[in-house]
Amino acid sequence: MLILNPSSVKFGTTPWENVGSIAVNRSAAETLVEWTAGGPHVAFADVPRQRVEIAVKHGLTRGDMDGPRPGERATLVWFTAPGASDAGRRKASADCVVLDVEHEIALGRSAMRSVTLLALSSDGSADPIVLSDAES
Amino acid sequence: MPSSFKSKNLFGSGPHEFAIAKQGQVVVSNLTLGGTDPSSTPIGPREIDITVSGRLVAASESALWTLRDALTAELLTPPTAGTLADGRGRSWSGMSFIAYEESGSSRVGRVWSVGYVATFRRFATVP
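If you read the protein sequences in the order shown, they are chains S and V.
What the first sequence shows, in the numbering used here, is residues 1 to 136, in sequence order.
What the second sequence shows, in the numbering used here, is residues 1001 to 1127, in sequence order.
Read the hints as simulated data drawn from the structure, not as lab findings.
Wrong hints could be hidden among the right ones.
For each label pair, taking beta carbons as the anchor points, the in silico distance ranges come out as [unchecked claim]:
1) 1070(V) to 2(S): 41 to 51 Å
2) 13(S) to 1068(V): 42 to 52 Å
3) 122(S) to 1059(V): 21 to 31 Å
4) 75(S) to 1002(V): 45 to 55 Å
Predicted, not measured: the structure shown is a model, and the values here were computed from it.
Glycine included, every Cβ here is placed at the ideal spot set by N, Cα and C.
Between the sequences and the hints, there should be enough to build the whole structure, so can you do that?
Written out as structure tokens, the structure is:
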């Protein structure tokens, strides 16, 4: 899932301004791969351990002494819409723990903060990314 | 035809392989027989062990338990011999199911599954 220019983003009670993109990346933390005596090819594969990481990139227009810190936990909420209007607007949220916070600074351009978060499932089975109508 | 033990398809839910353990003479040191020289004595052919290692695969947790229970229900005391067939044209008669061990906890991804090793032995003397 990749969202460009989400209309609003909050981490806990803190709004994150000027967010350029939110990327939801899913990866296998453990894979099961099995072969049989029948031949050389994989006969079974499954992914019983997965990671859902969210990469948020947003611009900073001024210095910030109090950004997110690794280990901090809160709900990340963002809104998406297929077009510029509010039609079809949807809310996405995830209970997250901050992993990495990095900054890029280039002369003549605004500073960019990249935050990587690990999304948590409510019970280990439910998908960590919860999608709902924007009004809920 | 699927693999089987006593004509029961116990392993067919997932991938599995058969392996034959060490065969040949059981050899003991003469020192353990009371001798004083370093030589050894063959005392007879080793009992044949065959292991089936694989993964039980099911659509739900309860269905996986059904597969596990069906396997462990064949661990009898005393063991009774039956025919073990690998589903590829080879079978071994007189095999007793003597051990079942899971390789870690069950895993849940797209399906529920658990790895296992089941050991069968052809006893020289029927228990």
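Cross-check of the supplied hints:
1. 1070(V) to 2(S): 41 to 51 Å: Since residue 1070(V) and residue 2(S) have Cβ atoms about 46 Å apart, the given range 41 to 51 Å holds.
2. 13(S) to 1068(V): 42 to 52 Å: 48 Å, holds
3. 122(S) to 1059(V): 21 to 31 Å: About 23 Å separates the Cβ atoms of residue 122(S) and residue 1059(V), which means 21 to 31 Å holds.
4. 75(S) to 1002(V): 45 to 55 Å: Since the Cβ atoms of residue 75(S) and residue 1002(V) sit about 49 Å apart, the hinted range of 45 to 55 Å holds.
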